[in-house]
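S.K.: Sequence:
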Amino acid sequence: MQKKTKNNCLWYISSANYPLNYPNNDQCTWSIRAPSGTQVVLSFSAFDLQSSINCNDDYLSVYDGTTQFSTRLAKYCGEGIPRTVTSRENSMFIFFRSDDRITSTGFRARWTTRSVCGSSPSGTSGTVRSPNYPSNYPNNARCQWVIRTSPGTRVRLSFTYFRLESCPSDYLIVRDGSSSSSSLIGRLCGSYTPRPIVASGNVMYLQFYTDGSVTYRGFSASYYGVPVCGSSPSGTSGTVRSPNYPSNYPNNARCQWVIRTSPGTRVRLSFTYFRLESCPHDHLLVRDGSSSSSSLIGRLCGSYTPRPIVASGSAMYLEFYTDGSVTYRGFSASYYGVLDGPPTTPVWNPPTSPAWNPWTPPLWNTPTTPAGSIPSFSQVIVVKVVAAAAVVVVVVKVLVEVEVVAASVVVLVVVIVVIV
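Numbering (full-length UniProt numbering), first residue to last: 1 to 420.
No lab work stands behind these hints: they were computed from the structure.
In this text, all values refer to a predicted model and were calculated from it rather than measured experimentally.
It cannot be assumed that every hint is accurate.
In silico EDC-like cross-links for lysine to aspartate or glutamate, where the CA-CA straight-line distance does not exceed 20 Å [to be verified]:
| # | residue 1 | residue 2 |
| --- | --- | --- |
| 1 | Lys75 | Asp26 |
| 2 | Lys75 | Asp211 |
| 3 | Lys75 | Glu89 |
| 4 | Lys75 | Asp57 |
| 5 | Lys75 | Asp99 |
Have a look at the derived ranges for each label pair, beta carbon to beta carbon [unchecked claim]:
| # | residue 1 | residue 2 | range |
| --- | --- | --- | --- |
| 6 | Ser213 | Gln27 | 19 to 29 Å |
| 7 | Pro121 | Tyr216 | 16 to 26 Å |
| 8 | Thr305 | Pro263 | 21 to 31 Å |
| 9 | Gln27 | Thr71 | 19 to 29 Å |
| 10 | Gly190 | Ser125 | 21 to 31 Å |
| 11 | Gln27 | Arg83 | 15 to 25 Å |
| 12 | Arg72 | Pro233 | 17 to 27 Å |
| 13 | Ser231 | Ser158 | 19 to 29 Å |
Just so it is clear, CB atoms sit at the ideal spot from N, CA and C, and this is done for glycine as well.
With the hints as extra help, turn the sequences into a complete structure.
M.R.: Have a look at this one:
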């Protein structure tokens with residue numbers, strides 16, 4: 001039995017006697033070890049072994065590791081050039097066996113190494129792509145990226161293209177931290193483009209795995225640092241401001257505030273200044289509760305200062321979002337707990353919804369009829385009688401001038417009856 005260990009960057013292997021027929025009852029093994037941080041790539045230039053069901057007579061097996069007990073990547077027999085095989089790590093084990101009957105010319109292959117895909121990008125923004133993108137990614141790929149953005153920011157990952165084989169064949173793992181042991185955010189696969197992913201800090205860890213069969217174009221994603229802002233203020237009163245206020249807020253901000261006042265009170269939020277870009281670019285969401293799933297009170301944007309907002313309880317949740325373009329000074333608001341007063345109704349309830357429309361002036365600035373100013377029924381009758389009398393006086397005066405006094409009396413009676 002032949003046993004060969006290779007550790008060069010490029011080496012050819014072949015069956016015994018190649019290109020003549022290999023012998024019967026032959027066994028050969030090749031244990032390949034490449035430099036750390038690389039993968040072994042095995043490609044064939046010729047292949048002709050005895051054919052058999054399940055390749056049980058003459059065959060060539062390829063393993064992902066250093067022994068025959070490692071995970072098997074492929075098993076070949078018959079005629080035709082096999083597909084290229086790539087190890088997941090820096091080692092590969094190859095085993096050839098022939099029985100005591102038919103022989104053929106055998107095989108010839110070469111192995112090379114390639115760097116494991118992945119990197120450790122850093123900075124305010126950048127791009128991460130699957131290997132070979134926009135061409136198809138390779139089989140048996142194993143890639144890692146450690147993304148770091150500026151201190152004081154959160155990593156935000158947005159996909160511009162995504163197409164992988166379905167799980168568990170090919171997939172991308174996203175973790176909230178700097179290593180493979182960090183908390184799992186998600187395992188992504190298939191053909192649907194994932195929604196943007198935001199880490200809890202300025203580090204995100206990606207792991208990309210593919211198997212030995214079908215490949216696709218893969219993925220392309222951009223990342224950038226989202227400024228960290230927001231807090232959980234509590235107490236009887238306080239202030240909430242957009243980041244950098246009174247200077248302009250930053251682009252791509254994602255802020256959350258959970259306001260809590262004393263138990264038994266309702267949060268009342270009053271704006272002293274408000275200037276954002278129009279919806280949907282930059283906006284402030286106000287929710288009636290303590291989380292992002294609480295009932296939405298309103299989406300605020302534009303240049304009109306909103307009216308005071310009152311929650312139904314002692315908690316209010318604010319979410320502030322900005323895009324990547326125009327910025328303004330933002331907002332400044334004070335809050336305190338109140339014991340009475342109805343909570344603010346959601347913005348979509350008519351007729352108050354126009355008050356929240358950023359494109360029109362708020363309705364609460366327009367004059368309204370004072371309460372109790374609607375006239376009663378008796379007041380209406382008096383007004384009608386006075387008006388009728390005035391009309392009658394004019395008519396009588398005209399009739400007198402034409403000396404039709406009798407007719408004027410009749411007209412007077414008729415007019416009064418009709419008006420009353």
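S.K.: Compare the structure with each hint and give your call.
M.R.: Each hint tested on the structure:
no.	hint	in the structure
1	Lys75 - Asp26	holds, 17 Å
2	Lys75 - Asp211	holds, 15 Å
3	Lys75 - Glu89	holds, 19 Å
4	Lys75 - Asp57	holds, 12 Å
5	Lys75 - Asp99	holds, 16 Å
6	Ser213 - Gln27: 19 to 29 Å	holds, 28 Å
7	Pro121 - Tyr216: 16 to 26 Å	holds, 23 Å
8	Thr305 - Pro263: 21 to 31 Å	holds, 30 Å
9	Gln27 - Thr71: 19 to 29 Å	holds, 21 Å
10	Gly190 - Ser125: 21 to 31 Å	holds, 27 Å
11	Gln27 - Arg83: 15 to 25 Å	holds, 24 Å
12	Arg72 - Pro233: 17 to 27 Å	violated, 59 Å
13	Ser231 - Ser158: 19 to 29 Å	holds, 26 Å
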